[in-house]
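All chains, full assembly: derive it from the sequences and hints.
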Amino acid sequence: MNVIRLWRQLRAVKAVGQAANEAATRETLGAGKPQRGFAAAFGNIMADMLAPRMAAMAERRGGPLPGSDVAVVSGSAWAQPLASGAAAVRSRDAAFDPAALEQFAGQVFAAVVGVWAGADVGSVRPVLSDALWEPLAATTGLGTGHAGPEQYFAMQRASAQIGGLHTGSWYDSALVIMHARLDFVGERPPPGMPDQMMRWDESWLFQRSVRPGGDPMARPQSCPACGGPTQVNDAGLCVHCQEPMPFLTTGWLATEIVSHHPIYAEMREQVRADPGLFENVPPGMRRLLAPDLRGEFQARTPPDTAP
Amino acid sequence: MRERSADHSNPEEWFVVGAPIAGSSVGDGQASAGSGAGAISRVDPSFDPDAFLAWSCSVYERGAAAWRYRNPELLRPVMAQAVWDRYAQFLVTLSAVALSREIMASAVAQAALAWTGADPSSQSALVAFSVTVADPRGAIIDKWAAHWQERWLFQRPAGSRTHASGRVAVCLACGGPADPEDSGRCPYCHADITTRTAGWVVTQVATTLRSASKIAAAQSAAPAAATPLQPPRALP
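Line order of the protein sequences matches chains A and Y. Counting from 7, one number per residue, gives the positions in the first sequence under my numbering. Counting from 263, one number per residue, gives the positions in the second sequence under my numbering.
Do not take every clue at face value.
So the derived list for chain Y, only partly shown, Cβ under 7 Å to chain A, looks like this [said to hold, decoys possible]:
hint, residue
1, Q351
2, V354
3, T355
4, P485
5, A486
6, Q492
7, P494
8, R495
Just so you know, the hints here were simulated from the structure itself, not pulled from any lab data. Being a predicted model, the structure only gives us computed values, none of them experimental. Even glycine gets a Cβ: it sits at the ideal position worked out from N, Cα and C.
See below:
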């Protein structure tokens, strides 16, 4: 009886995985024919389960809020001198103090590390954008222990340094460089771990809407571009004028994290050196990889030739 | 294998989030009090129990949509913050697994008005949902998760009144039907109708769904941590 039940369970799980597989293949340019069979189906189940974890640990997490200035998205905003950026923010917020923002950013980093170490994920909800908080909550919400990469995320320490300030039409934005390191709390690092793996920088983008609102972030009642009532399509664009619908925030939120840890570059090089690694990844998982790597693979894979 | 009782009469089987509005006279025994709709109808003659029940089902269906789209925002307008916070966390945690998400999205509920009350601070309506998972894979994975009970406590301030039409979700300015998917403005007169449910919000949810209490237990075991305080800001 139990064997029959187990078999039915496996069939049900496989059906979900196969459906996810076919959907992922449809959505992934150059992914070829959908993979079939138990292994492929389970691969996609795992991809789906791992998606929040990968999003929470990825090299690039979250992203600038919709309606951010092009200069913030492209990074050109950070080329201007810090003093002029600070003066611009201060011109519309007389209380703005870069040192206070730096301190706040450092506290946010420490609070996120605290969540990886087992603290309540609700504690960082008010200071993270949805795109950063939701995968973190999904990954740490079950409290299923801190083995694997999680333990390293829980060991991170950082000092924060503002790298750029920008006043946009909808948001104030701040690039904060986190000088991060692993703290083994008196214990010896794993044998063979090179020093460059224990010290790295991360770029954290903090943003707040010029007009406060949200809890911690919410869309305004009407589109600031066309004035129509707020309704967005799946891409987050106003259904009336197709402009990005921005968010109101209660205050500064971390919205994007880009890690410069050398392990990510190493992983990219490994995949580039051995395209077979990539080809064996199920389509659902491929979508989770870095966009530049995905683009490279798609560019050199003719349709219907991938497994 | 030990089997669970299915009548859910044991209070320990109920997992509860949220709390009634402070000062409201909602007691522990409300589910069995069975006072019908009279308590609200006496202070609000336009209150229509059938219309309210139908609307409460639409709220539950919005919950199913939140699972389908993995988007707890759909429930925010009809839930008190304390309830929504926990529900959103439960949803994003459990829906990381596609099968869980699809099973939860297929839940259909039979609703019954279990209790109503009115006191100087609030009006209350307790709706009992008998939930069944339509997706047959639900029973295959865990037969005890294929059916469960929920009690949602809807409350609104004592002075609230139902629109003369008896409709629950209406624009209080012009009386037009309020689309639960809308943005907070009446599509007809464009008035702000964030209170488009005539003030009703879910202030407490109780469920016998096992995974809810399991996840909550894991989450409540996590130590509380301080939220970083925002730097000072001078607004013009």
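For this session: Check each numbered hint against the structure and report the violated ones by number, ascending.
Result: none
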